[in-house]
Amino acid sequence: MVLIVGNLFMPTDTKYNSKEGKSRRRKLESHPRRNASSIRISPDPMMTGPESGVMPGAVEIDFDKSIADMVSQVRNNPNLSINKCVVDRKLWMSNSRSLSPWSYRISHDEKRKPVDIPEAVCSCVGCINPFTMQEDRTMTSALIYAKIPVRRLMCHRPTKKPTKQKKCVPRYRSVVESIAVGCTCIVG
Numbered sequence: 125m126v127l128i129v130g131n132l133f134m135p136t137d138t139k140y141n142s143k144e145g146k147s148r149r150r151k152l153e154s155h156p157r158r159n160a161s162s163i164r165i166s167p168d169p170m171m172t173g174p175e176s177g178v179m180p181g182a183v184e185i186d187f188d189k190s191i192a193d194m195v196s197q198v199r200n201n202p203n204l205s206i207n208k209c210v211v212d213r214k215l216w217m218s219n220s221r222s223l224s225p226w227s228y229r230i231s232h233d234e235k236r237k238p239v240d241i242p243e244a245v246c247s248c249v250g251c252i253n254p255f256t257m258q259e260d261r262t263m264t265s266a267l268i269y270a271k272i273p274v275r276r277l278m279c280h281r282p283t284k285k286p287t288k289q290k291k292c293v294p295r296y297r298s299v300v301e302s303i304a305v306g307c308t309c310i311v312g
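Positions 125 to 312 (my numbering) are the ones given, in order, by the sequence shown.
All clues given are correct.
No more than 25 Å apart at the CA atoms, straight line, and that leaves these computed lysine to any residue pairs for SDA-like:
#, residue 1, residue 2
1, Lys235, Asp186
2, Lys271, Arg229
3, Lys237, Ser196
4, Lys214, Asp193
Beta-carbon label-pair distances, calculated as ranges:
#, residue 1, residue 2, range
5, His280, Ser218, 37 to 47 Å
6, Lys214, Thr308, 13 to 23 Å
7, Val293, Thr262, 47 to 57 Å
8, Asn207, Arg295, 31 to 41 Å
9, Lys208, Tyr269, 14 to 24 Å
10, Pro294, Ile206, 31 to 41 Å
11, Val311, Lys237, 30 to 40 Å
12, Val293, Lys214, 48 to 58 Å
13, His280, Pro202, 40 to 50 Å
14, Val311, Ile206, 25 to 35 Å
Derived by calculation from the structure, the hints in this document are not laboratory data.
Note that CB positions come from ideal geometry on N, CA and C, so glycine has one too.
Using the sequences plus the hints, can you model the full thing?
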């Protein structure tokens, strides 16, 4: 009985008990504040994603433009296309600091849009031993693949019936292709 009387005379905080206060608090908690110092921009020119400093949902990614930017970086930066089996910790590029280093080559295909796509090529057969900094062939460098959407020029037949004439109507179709994006060490 004492507890009931105590609850009647205790003032309640309407900020946390009203529906508006709760929903406002949930909205604030679901969107944590981000200041300029919390965003780190990666020094790696090929790095994209959350580490790139672009807030998720802030800008829609233009794949054609970003791939064209990567192609120009590979063409203009010789460090990205050097195919040596060594680790260079002085460079910021992840492909040269990895224990399974890789270089980039341009995959050119006239029947695909974008025509040029940078593709990773492993520089070592084995992996770099972190203690000796020499290639160790007890481990193997393996390519890492990512699937990206491209438009491929494909032949489209207007009818499903076989005809004597093999007419082809070339059209660009959206397809997904696997592209090598880096290398990693595996046992084997």
